[in-house]
Amino acid sequence: MSDLLIELFSEEIPARMQAAARENLRKLVTDGLVDAGLTYESAGAFSTPRRLTLSLTGLSAQSRAVREERKGPRTDAPAAAIEGFLRSTGLTLDQLEKRADKKAEVYFAAIEKPGRAAADIVAEVLERTIRNFPWPKSMRWGSGALRWVRPLHSILCILVDEAGAQIVPLNVDGIEAGNTTGGHRFMAPARFAVTSFDDYATKLRRAHVMLDSAEREAAIWNDAQNQAFARGLELVPDAALLAEVAGLVEWPVVLMGSIGEDFLHLPPEVLQTSMREHQKFFSVKNPKTGRIEGFVTVANRETADHGATILKGNLKVLSARLSDARFFWENDLRVAKAGMGEWEEGLKSVTFHNKLGSQSDRIARIAALAREIAPLVGADPAQAERAAKLAKLDLRSAMVGEFPELQGTMGRYYALEAGEPEAIANAARDHYSPLGPSDAVPAESISVAVALADKIDTLTGFWAIDEKPTGSKDPFALRRAALGVIRLVLGNGVRVGLEAVFAKAILDLLDRAFDKLASGTQEEWIALWSNREGSSTEHAAAMLRNFKKFLVVDLASRSLEAQGKFDEATALKETHKINFEAERDEVSLLSFFHDRLKVFLRDQGTRHDVIDACLAMPGNDDLTLLVKRAEALGAFLATEDGTNLLQGFKRANNILSQAEAKDGVEYSFGADVKFAETEEERALFAALDAGEAAITPAMAKEDFAAAMAAMARLRAPIDAFFTAVQVNSDNQIVRRNRLNLLHRIRALVAQVADLTKVEG
Amino acid sequence: MTAAAVTTPRSFQEIILRLMTYWGAKGCAVLQPYDMEVGAGTFHPATTLRSLGSTPWAAAYVQPSRRPTDGRYGENPNRLQHYYQYQVLIKPSPPDLQDLYLGSLEAIGIDTSLHDIRFVEDDWESPTLGAWGLGWEVWCDGMEVSQFTYFQQVGGHDCKPVSGELTYGLERLAMYVLGIDHVMDMPFNDPDSPIPLKYGDIFRQTEEEYSRHNFNGATTEMLFQHFKDAEAECERLLAFDPQDANSGKRIIMAHPAYDQCIKASHLFNLLDARGVISVTERQAYIGRVRALAKKCADAFVQTEAGGWSAAAQA
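These protein sequence lines are chains A and B, in that order.
The numbering of the first sequence is this note's numbering, which starts it at 73 and goes up by one.
The numbering of the second sequence is this note's numbering, which starts it at 306 and goes up by one.
Next up, chain A with everything else stripped away, as it sits in the complex (with noise of 0.2 angstroms):
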């Protein structure tokens, strides 16, 4: 048994890539040693800006001797076969055992693999590691072939046993293992050597490396929470932020200081979100006013005044930093005050997609939709119309030019600063949310409205121009709006005939492209519109399939046309009319919505089958009555009296499907009680009369639970009957009057769900 240590030294790895670093490090020196036949019993890994390490404890020695018998060709096999088999086993003729195999003698040969010491082992995996390491991005440098993530300096690998450490033989590309390596660039720059994992932490530490990430980190914010709470203050979490200061320093040095009285008006994102991003600084806040009026940042090393240079010098930073920021914010005031009417200019020259249109026409679309949307969910339609022109002015202010990510939390400000109210206020900031599957949905009525629109207009706007996720590739993010819109409608119950909303955000994009067009051309593609006038989403997506090509036609051909090209730019045309009709078929846009919904339903535990079963019915685009109905259904069927309803409903309707095969009729209407030979069917057709009773008003009043009630009373019946009743009777008559019965429970069932496509 023996303790193995490795570590790669070499210039500063990147921040972001060192967990992931030493997970594969990990990984793959173990998995290599097993499968070579070695066993251990703990390891850990270890990064830091410079180093990545590996530590494991109980290495067997060697990997156990195997021995491999291989069966070879027949004893009277021609020459050739015999010495090519011995060529491949590397043994003699002598060597091999003749064994009886059914009808014929055959050679076999017992190949002994001994036991190989771990050292080469070890030296052979951390190679092959070491060559083949799966960073996102490597390099070369100097004169060399060798890829690593920044040039590799130094390899460190001791095996230690009893008798001591020893030096893994290994070369790569002329850097050869030893048994030394560096402390801090700075503080501790000498070579030294090591004896083992604990002898290597302990110098380390004396060379100023803390070598274990979570302690780095558990140091920054253990430091860093005590000197804010030494003043006053509180330290504003920030765990990706602390893990990446954590991989830029070997030994955490924490220093605090305070925001300049000029910058603590302005917003404390603002604040927070240039502190962060331009200088890896933690935001500290006062509990007393809310506002962020310190900041802390990780220096790489300790100095004889205590940190006084650096501080001053991450000051001079911050506030030429804070100086841009505040330079924005006033700018970004005078026009919000003005009412943003430059911003709303500028959003013209912003192009958001080239078939799509600028943003302005994009926010357009928006405002249209959103005012349509509005009454479905609540609110005042000219208020959401109002919400979604503003809510995307913050686009062209100069702090969100600066920082994206701001985009909606400024807006809020500037439309404030407008004048607006709150709530067209807020739906600035909320309409992007919610972002993922677990953030916040907004819940106010305009933010809403605005919300659904922006994401619809999204969806149908890309899927028009025929730009729609394909296995991992979604680069306008429409996965994520659609799953928007779920959470949204769902999250606030809202009731909403989907297809509805998409053929009208489709018909109003195409209006908008239509009016941009050449008047000659317009008129050529009016006739193809002529009937637009009530249109389903079925015949908006027809006139679109069309529509978007000759969009693109025209786009081709314009260009063509100024260079010059008028011939090629003809003959495109011509060329594309004549294909128009070659189109290939499209994924629906409620579909995708449809596989949506299953995944986030099913990350919620509703049973696939399920939301099948409601998938199939009608109303299907209503998202919210669908999610209702799946509820219920799951409910019910988890029920006992759901699960034997369930059999009885399969057995009716495999009896039913077989005779309607079998006789090539469809049995529908006519069952008739006076036919009933016993007491059971008797009592079926009550418990049927009182069912369709009960079931037809819930339903249409979409009250489920009631539904699924009444639903539950049929299963005693139905067991009984099938119980006393066989259904193909001799007498055709009674025959086709069970039948048909059994067609009033498949039709009254399916009155509320789907449940052929329920397993079980």
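Take these hints with a grain of salt, some might be off.
As the list claims (entries may be wrong) - Ranges of calculated distance between the beta carbons of each label pair, as one might list FRET restraints:
1. A/Glu539 with B/Val335: 31 to 39 angstroms
2. A/Leu488 with B/Val335: 56 to 64 angstroms
3. B/Pro400 with A/Val422: 30 to 38 angstroms
What the hints assert, rightly or not - With a straight-line Cα cutoff of 20 angstroms, these simulated SDA-like cross-link-like pairs (lysine to any residue) come out:
4. A/Lys420 with B/Glu586
5. A/Lys352 with B/Val425
6. A/Lys384 with B/Gly484
7. A/Lys357 with A/Ser330
8. A/Lys143 with A/Lys170
Everything labelled a hint here was simulated from the structure, so no lab data went into it.
Ideal Cβ placement from N, Cα and C applies to all residues, glycine included.
The hints should help you fit chain B onto chain A, whose structure is shown.
Frame of chain A, contents of chain B only:
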């Protein structure tokens, strides 16, 4: 490199002189600026072209650089449309390049025992040169003072061996070392000289003039035409037969062609500042300059300085 022995410089030019002395002593050829308008020190053929091929190289130089869109009429404390970069290029990159670099900071008066020097990931890419590399921006007390790059590709060619490139933004670095808040207030020569000159005495007026020129003055039709001319000339020069009739020698005009590429790049920058290039056109123009840079790189590696040899061809 003991810190105590180094005094703090007193002027902008002293910092430049110290860098020249330092890198000269470390074995670099101390070159002079390239005599054309460029956007950054990287455009100097001593970097772009010399980073190609296998011939070893070590050069250091100041390069006046122009970024027309950064004009602020001399009013912004940190932003200039004309500024200086200090550039070092060593091929192959030596194993102690980081230490050499840190030594240069000591040489200009940055005591690394008092300051916090950090190498923060920053990958470099020049779309116009078809070049990229990995490295860091170097922070001193939270301020970026240099760019440190290991070139991986230039002009579409893999760099073999790899060059190490250091770029110092001289004004910003000097302002930090000298403790100056506005660039125009920075002493250019020794403040005790008989005629002390500040940065602003030399450059305030030109910043005003060029800002007006860049944003309003330059004739855009002419710039567009010059861009086309430079592009055509670059390609024409590279299309010549390598065999020169006059001298009877094999002469590929890689450098004269590259001059035209540099011109095209600067003309594009001016057009950009004049605001006459749309977002979509922008990419197309960058692509055209990159195409020239690649052709120049292709030509350079066919020259002796680029590693070509008649013997190897035989």
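message: Just to be careful, I want the Cα atoms of A/Lys143 and A/Lys170 compared with a cutoff of 20 angstroms; is the pair within it?
response: 10 angstroms, holds
message: Between the beta carbons of A/Glu539 and B/Val335, is the distance compatible with 31 to 39 angstroms?
response: 54 angstroms, violated
Given hint B/Glu586 paired with A/Lys420 - CA-CA distance at most 20 angstroms: Roughly 17 angstroms separates the two Cα atoms, so the pair holds.
message: Between the alpha carbons of A/Lys352 and B/Val425, is the straight-line distance 20 angstroms or under?
response: Judged against 20 angstroms, a Cα distance of about 11 angstroms means the pair holds.
query: Quick one, are A/Lys357 and A/Ser330 close enough, alpha carbons at most 20 angstroms?
result: The given pair, whose Cα atoms are some 10 angstroms apart, holds under the 20 angstroms limit.
Status of the given 30 to 38 angstroms range, CB of A/Val422 versus CB of B/Pro400: 48 angstroms, violated
task: Decide if the proposed pair is consistent with the structure: A/Lys384 and B/Gly484, CA atoms, cutoff 20 angstroms inclusive.
output: 11 angstroms, holds
task: Note whether the CB distance of A/Leu488 and B/Val335 lies within 56 to 64 angstroms or breaks it.
output: 58 angstroms, holds
Consistency note: the structure conflicts with the earlier hints numbered 1, 3.
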